[in-house]
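Student: Spelled out from the first residue to the last, the chains are:
2 protein chains.
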Amino acid sequence: MQHLRVIAFDADDTLWHNESIFERVHERYRELLSRYHDAATVDRTLFATEMRNLELYGYGVKGFTLSAIETAIALTDGKISAEEIQILIALGRDMLAHPVELLDGVAETLDLLSGTHRLLLITKGDLRDQQRKLDKSGLAAHFAHVEIVAEKDAATYAALFSRHAIDPREFLMVGNSLKSDIIPVLDLGGHGAHVPYHLTWGAEKVDRMPDAPGRFVQIESVREIPSLLGL
Amino acid sequence: MQHLRVIAFDADDTLWHNESIFERVHERYRELLSRYHDAATVDRTLFATEMRNLELYGYGVKGFTLSAIETAIALTDGKISAEEIQILIALGRDMLAHPVELLDGVAETLDLLSGTHRLLLITKGDLRDQQRKLDKSGLAAHFAHVEIVAEKDAATYAALFSRHAIDPREFLMVGNSLKSDIIPVLDLGGHGAHVPYHLTWGAEKVDRMPDAPGRFVQIESVREIPSLLGL
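Listed in order, the protein sequences are those of chains P and U. Note that the numbering used here has the first sequence beginning at 1, numbered continuously upward. Note that the numbering used here has the second sequence beginning at 1, numbered continuously upward.
A couple of the hints might just be wrong.
As the list claims (entries may be wrong) - Simulated restraints, written as ranges between beta carbons of each label pair:
| no. | chain 1 | residue 1 | chain 2 | residue 2 | range |
| --- | --- | --- | --- | --- | --- |
| 1 | P | A107 | U | R24 | 43 to 53 Å |
| 2 | U | D111 | P | L54 | 25 to 35 Å |
| 3 | P | S34 | U | G138 | 43 to 53 Å |
| 4 | P | M1 | U | E83 | 53 to 63 Å |
| 5 | U | R28 | P | D111 | 51 to 61 Å |
| 6 | U | A158 | P | D187 | 33 to 43 Å |
| 7 | P | E151 | U | T41 | 35 to 45 Å |
| 8 | P | A74 | U | R28 | 51 to 61 Å |
| 9 | P | M1 | U | P196 | 49 to 59 Å |
| 10 | U | A154 | P | Q86 | 29 to 39 Å |
| 11 | U | L231 | P | E84 | 56 to 66 Å |
| 12 | U | G78 | P | D111 | 43 to 53 Å |
I should point out that these hints are in silico values taken from the structure, not numbers from a laboratory. Computed from a predicted structure; not experimentally measured. For each residue, glycine too, the CB sits at the ideal point set by N, CA and C.
Isolated chain P, as found in the complex (with noise of 0.2 Å):
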């Protein structure tokens, strides 16, 4: 992969974590619910209402907020109080105001690569919060463009390369999920670095694994980025 020009990179978990901090959410919201229903069914019943309610609200923590509570009145037959209620709404706060937490070699990697390459963000959610995070991250200023996007398929990267005047064929995306930051470039011509975090959304969960022989590649940390791009 040394011919490469242009390295993007996803943003929640590939740079800062975010999953951890929805995990911590979704174990408070258990906990809400215990009285009422199993661990299993308030997280069964809860990704059922994200999902069904995603192509309204998009990604994002003020979407997730809605579909906790619309699941938590529904799981309860009506029974949660306002009280508790309002603990989700501020369990949601929380989220947005929550400091950003740079995985690790993260700072160093991106130092490196703004010298030699151009460097894009590229990630999906709601617009202020993912600026937010970007401003908190003290990252912005080794990106040439940062793209928040509504959704990462390949018509989205398509739009960004015709935009931006990309050459797929001299493009890396890197990023944690194989269906939103990979198999959309790959299918495009363009190459992925799949970063996996240890935890991962339902929704980004794929049975198709990537089929790109020398456009593919899995490492363990962004810190092997340099060396796969030659340096």
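Given the coordinates of chain P, assemble chain U onto it according to the supplied hints.
Tutor: Using the frame of chain P, we list chain U on its own:
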């Protein structure tokens, strides 16, 4: 304004109705809380909650819905029922699924101008919601670029001018909000055409009137834009 080359449009309440949809939801909201408080108290408290949450939630229907739930819990001292909170969630969902109703003259005017000028759409709010409204509007093909931003201030416009290589002296912004569409653009040396909508959300109200002779005009309808441009 005959030398202008780039015309940018705001979306909500400039191209299509939006505040009128919020207003109908506000009416339902006042009714729902009328057993507890008079309409003025409900309106004032909801607006205060929205303003307090704006930095964290940003603009859009999901943040509004969360603020409406929070306010309802506070105004009823927690006596609001889960069923009534579910009604608030449903109202939010109805807003997101609402049909897009174009303002008078919009379709014809964009059709005409897209043949003579470079057109941009610059709107703030939820990424997915704005994208969906644009898709539903049937207007997307008229725009060279669509920018959905977290805030419409001078810094945002300056970044867009740089990104799209726009000279503000050749740029006209058309919108219903003096605060978000007109004043920051005039401050950067651009032009503004203010098309008031019959309703203005409190957060968009300003005391300051534009003072930019030759660069600012107030019009009744987007139908007046072609003649402003000498067409």
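Student: For every hint, state whether the structure bears it out.
Tutor: Hints, one by one, checked against the model:
1. A beta carbon spacing of about 49 Å between A107(P) and R24(U) agrees with the range 43 to 53 Å that was offered as a hint.
2. Remark: the range hint 25 to 35 Å for D111(U) to L54(P) is upheld by a beta-carbon distance near 34 Å.
3. The hinted range of 43 to 53 Å is satisfied by S34(P) and G138(U), whose Cβ atoms lie roughly 49 Å apart.
4. At roughly 57 Å, the beta-carbon separation of M1(P) and E83(U) lies within the given 53 to 63 Å, and the hint holds.
5. For the pair R28(U) and D111(P), the supplied restraint of 51 to 61 Å holds, since their beta-carbon distance comes to about 52 Å.
6. Separated by about 36 Å at the C-beta atoms, A158(U) and D187(P) satisfy the suggested range of 33 to 43 Å.
7. Remark: the range hint 35 to 45 Å for E151(P) to T41(U) is upheld by a beta-carbon distance near 41 Å.
8. Look at A74(P) against R28(U): about 21 Å separates their beta carbons, and that is not inside 51 to 61 Å.
9. The given range of 49 to 59 Å is respected by M1(P) and P196(U), whose C-beta atoms sit roughly 55 Å from each other.
10. Judged by the Cβ atoms, the range 29 to 39 Å given for A154(U) and Q86(P) holds: they are separated by roughly 37 Å.
11. Range check, L231(U) to E84(P): about 59 Å between beta-carbon atoms, so the 56 to 66 Å window is met.
12. G78(U) and D111(P) have their C-beta atoms about 50 Å apart, which keeps the hinted 43 to 53 Å range intact.
Consistency with the previously given hints fails for number 8 only.
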